[in-house]
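Work out the full structure, taking the sequences as your base and the hints as a guide.
Letter by letter, the chains look like this.
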Amino acid sequence: MQTADFTALTPLLLLAAAIAAVMLQIALKRSHILTIVLTLAGLIAAMLGVLAVGDMPARQVTPLVTMDRLAFFFIGLILTATAATALLGCRYWEHAVGQCEEYYLLLLVAALGACVLAAAHHFAAFFIGLEILSISLFTLMAFARRRMASVEAGLKYLVLAGISSAFLLFGIALIYADVGSLAFPIWTARLQAAGETVSPLLLIGMGMTVIGVGFKLALVPFHMWTADIYQGAPAPTTAFVATVSKSAMVALLLRLFAPVDFTAEPALFWTLAILAFASMIVGNILALRQDSVKRILAYSSIAHMGYLLVAFLSGGPAAIAATVFYITAYTITVLGAFGVVTVLSRTDADADSMSDFQGLFFSHPWLAGVFMAMLLSLAGIPLTAGFIGKFYAITAGAQGGIWWLIITLVLTSAASLFYYLRIVVAMFSPPLENKTQPPAAGISYSGGLVLTVMTVLLIWVGSAPGPLIDLIGRITQ
Amino acid sequence: MNVPLTHLLTLAGGLFFIGIWCAVTRRNLIMVMLGIEIMLNAAALAFVGASLRWQQMEGQAVALFVLAIAAAEVSVGLALIICIYRRYRTLDPAKVQ
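Read top to bottom, the protein sequences are chains D and H.
Residue 1206 is where the first sequence starts when you use this note's numbering, and the numbers rise one by one after that.
Residue 1458 is where the second sequence starts when you use this note's numbering, and the numbers rise one by one after that.
Check before you lean on any hint, since a few could be wrong.
Simulated restraints on C-beta separations [what the hints assert, rightly or not]:
#	chain 1	residue 1	chain 2	residue 2	range
1	H	I1487	D	L1588	49 to 59 Å
2	H	M1488	D	L1218	36 to 46 Å
3	D	L1233	H	G1471	44 to 54 Å
4	D	S1560	H	G1471	48 to 58 Å
5	H	A1528	D	D1675	40 to 50 Å
6	D	M1429	H	R1544	47 to 57 Å
Think of the hints as simulated: they come from the structure by calculation, not from any bench.
Note that CB positions come from ideal geometry on N, CA and C, so glycine has one too.
Here it is in structure tokens:
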């Protein structure tokens, strides 16, 4: 390896150094504040690393990873979301578990796995990144070990992730048997060259890979346990799963399938299109009938991955830009929404049922306003990031001519307004008499900071998306 | 003499389906974990077969990765299963609710 290789890897190296530092610090002296400071320092150093080297020309470092602008953008997104999760979790973990320093360590390890996944260029790097991420996530989910729901969520995620990894692995082994290489570009080139006469081995392999990715993105029909996992896992972990692990998977999807011309690959196109269609319909219908806010957000995340696939399937450079924009807007919104759930949670259980949110406007008007902004962004109301994301997705879809998917997107998002507004109505209705109030101590400064930043970003991206669109345009050149 | 690729892939595919069957139908969390292990090892076998076909070491290296990561996964899984067993005194996923 040359110096330039190390320069390109700066963000990953800094993150790995932060992991070692936090681990040593916990071993020497337990101190919650010190761990938080070290974690944030590591994340900020890695972000500065991204800013410093992000404009470099794309560089392939060993056959395993490529550090190009797409990778740097996703690494930046992952680091930001991790920092937000760490800050949101401060107060929460202090109350929920006695010794919680390891949480930050696991969070950093998971972030490193996600960053490797976003930069993967070869199957071995992809698999290692994915498993570093997943194995840390099992523990992050089960971290509130006195709550049985949390341990169950961890175990369910483990079974689900194990089965989906096995599908992915087997599919990739079949593709390898057919193609003779584990590097991504050779696969896509092979898929392009094959056209409509794909060999059965490659076809089965692709099918199994799609099943594996479908599990990871929680697309219908691979969504069975998503709601249980989102509901059972501690709220900061749920925010992390919904943002970091999804955006890393989307980065992979872009690397693997974006160069493929979908008009020449009807089998792949139709498989993904039917997954998108089913996710939009089923995700929204199931969300209509929920009373738990975390479950509503879980089903809405299934629907949102469907919307994202519509942008992705439209084909061409507009598709990549629309997908990247959508996942960015989605990350901001979901961090804000689960952030509100986190700061409202009590020591014994998370704020979850509608009654926990009833009358929120009267006790915490500011929090109710933030949550409302996040929900409206999920529904796609103008002046929020979610609206621009959807608008962009529809424009890309229209360019690609996939009208039936666009019509489904519009109709299902109109229906989704119903369950988002139900939460909003609950927040503005008079408070229940005998209700246990959220922690009177109020909201921690760190949680308040994250929520403020997310709200400002949400409205900024929603009202003046120019800078972000320019940035994404430079990535997808 | 090499074993033909089709034989290896048939064996790996068979093992994979046995693994799914075990993971989906058994009513014991340990057996579910075992099913997942069988699926992962079937995939590792398919990698070894493919690397024999192309006479490369890449596939065998991945098979080693798979073994290492499956071990990490199963250790976390067993820790969670112990946690659940302590609370419910059962390993039947249907009764754990």
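Results of checking the hints against the structure:
The beta-carbon spacing between H:I1487 and D:L1588, approximately 53 Å, falls within the hinted interval of 49 to 59 Å. Checked against the hint of 36 to 46 Å, the pair H:M1488 and D:L1218 passes, with Cβ atoms roughly 42 Å apart. Distance hint for D:L1233 and H:G1471: a CB-CB separation of about 51 Å, consistent with the stated range 44 to 54 Å. For D:S1560 paired with H:G1471, a C-beta distance near 52 Å keeps the hint of 48 to 58 Å intact.
The hinted range of 40 to 50 Å is satisfied by H:A1528 and D:D1675, whose Cβ atoms lie roughly 46 Å apart. Between D:M1429 and H:R1544 the CB atoms are about 23 Å apart, so this pair departs from the stated range of 47 to 57 Å.
Checked against the numbered hints given earlier, this structure breaks only hint 6.
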